[in-house]
Amino acid sequence: MASTKDRKVVEMNTFAGLRKLPLWSWIWFILGLLYFVLPLYGTLDFSLRMQRDVIGLKAYHMAFADKAFWQTFGYSFFLATMTIIVSICLIVPTAYWIRLRLPEARRIVEFITLLPFVIPAIVLVFGLIRLFSSPITLPVAGIVLLPPLTNTVFGTNVLMVAGYMVLGLPYIYRSVDLGMRTVDVRTLTEAAESLGANWYTIILTVILPNIRASLLSGALLIFAIVVGEVVLASFLGIKTFGPYLLLLGQQRSYEPAALSFTTFLMTWAAMGIIQKISGGQGHVAGAH
Amino acid sequence: MTENTLPPPKVRVLNSKIGRWLGIVPFFIFAFLFLLWPSFRLLIGSFTDNQNHFTISNIIQLFTVPTIRDAYWLSIRISAVSALGGGLLGFLLAYSITVGGLPRVIRSALITFSGVASNFAGVPLAFAFVATLGRTGFITAILMRVFKLNLYDLGFSLYSFAGLSLVYMYFQFPLMVLIVAPALDGLKREWREMAENLGASSLQYWRDIALPILLPSILGAIILLFGNAFGAYATALALAGGTLPLITIQIGEQIQGDVMHNMNLGYAMALGMVIIMAISLAGYSWLQQRTERWLK
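Just so you know, the protein sequences line up as chains A and B, in that order.
If you use my numbering, the first sequence closes out at 1333, no skipped numbers anywhere.
If you use my numbering, the second sequence closes out at 750, no skipped numbers anywhere.
What the hints contain is simulated information worked out from the structure, not anything from laboratory work.
Just so you know, even glycine gets a beta-carbon here, dropped at the ideal spot from N, CA and C.
Incorrect hints may appear among the rest.
What the hints assert, rightly or not - Part of the chain A face toward chain B, derived, beta carbon under 7 Å: (1) L1093; (2) W1115; (3) T1139; (4) R1175; (5) P1215.
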């Protein structure tokens, strides 16, 4: 489908090009390009000028020499990995089940996966803190079902991962669902079943490998959301990369610029890979 | 799409109608615990007073307490300005790479960097603009050196309404490109040719044919951009600390220390945000459905 569309565009371009030079198009494009590039150039330029009158990587050396950078970044990386793993374990079977056995649940599940677009991170963390900072008890007998999660390190980590799963839910669900549509999980399942495979085997060895491109792009998007995330981490009091960078920005000037530029390169890498595997379909996330 | 269910699996319990729903119970438990219940808690809290009785005074106070009302209004204005500005630039860019006649290489490059830029937000984005348009930013410095213009003497400040709008536009216009480019692709060449054969000028074609067809899609996209900026928190915090009291910043202060001295009022502030976001998303999806009638 994409190729016919592309051909049409090429044809149109040659026709339009013969008629007149698309001057205004170039002007808008250059304007957009400047908007995009100038702040990045500004950051790079600034980050290289830590030493007076010398262009060099000193700010990068300093930033990467800080132990707190590696600790917080490692922590973010760990949380992102956990979020990705648990999300996949939860969403793949759910999407699979809906597609094959429970199409009538599609609407309600899709509605729920869209809710994070309506509930901003700041509101989500507000609700999570209020709900999980006191024990959850059965209303009748007063039996404690769940101790307050915010009181323990483990509980807070659970809350963080759950919160990040919620933030990533719209993207990972859509990604997985689209992947399952394109590889025709139904036929794959029937084939596997006729060979005597059970559900475990089907999901693990047939479905997962076949939707690996969607899984990868969903995972990278979650990674991009989680690594720089500030709201959940700072209100739950977790020392991840986002709050670290925010704090560093108040204390120093060159190192934050260096780390910002590094973050940009990572975003670029993640999105570049997504574009490559999803064939030019733009994805959008939000950690604003 | 037609969805025929498979022949029943070997495990018997999964065959019954209720049994089939068991398959998505984990998802519902997760969604209930970490999404629905916390939201419900805020909803109930919004309509409760300190004695745990029902009240609507918290909701009324959203409109009467000046700091809250101003915070909402500031957030709404800044989201609207950045959505309109980002929407306009994004539309022109999308135009230039689709029907505008730029080479295909440029199209794919622009789509890629739109994907990156719409995801480059929060603290690093704020720092990038400080390095560019801050007091010692490099554009500020160039204007000073070459044109002897001091932006900050002229009344510009990055740490103001205009400054934050400029920063927000950085993730707004790429998002617009990503949403609107497919709609522009849907404009059929025959429509333009027919209009030209009937003697229409380029202006008439855009005014009477192309824009009316694209309008729902453009409006929908701008509404989506509005919501995109409305929920933003980290960018504003990193750029201006607490000096630009957006509603998100106010809620943040409320979470940290109950500055309103009324916990339930804080819940109501959060509820107000959710309602505004819900209205804008509903508007987007309604307009999106109208678009699909023409551009399929």
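Cut-off 7 Å, beta-carbon criterion: hint that L1093(A) touches chain B: Hint violated; L1093(A) Cβ to chain B Cβ min 11 Å, cut 7 Å.
Restraint satisfaction for W1115(A) [CB to CB of chain B, less than 7 Å]: Violated - the Cβ of W1115(A) stays beyond 7 Å from chain B, reaching only about 18 Å at its closest.
Per-residue hint verdict: R1175(A), partner chain B, C-beta under 7 Å: holds (6 Å)
Cut-off 7 Å, beta-carbon criterion: hint that T1139(A) touches chain B: holds (4 Å)
Satisfaction of the P1215(A) interface hint, Cβ to chain B closer than 7 Å: violated (11 Å)
Figure legend: structure checked against the earlier numbered hints; hints not met, in rising order: 1, 2, 5.
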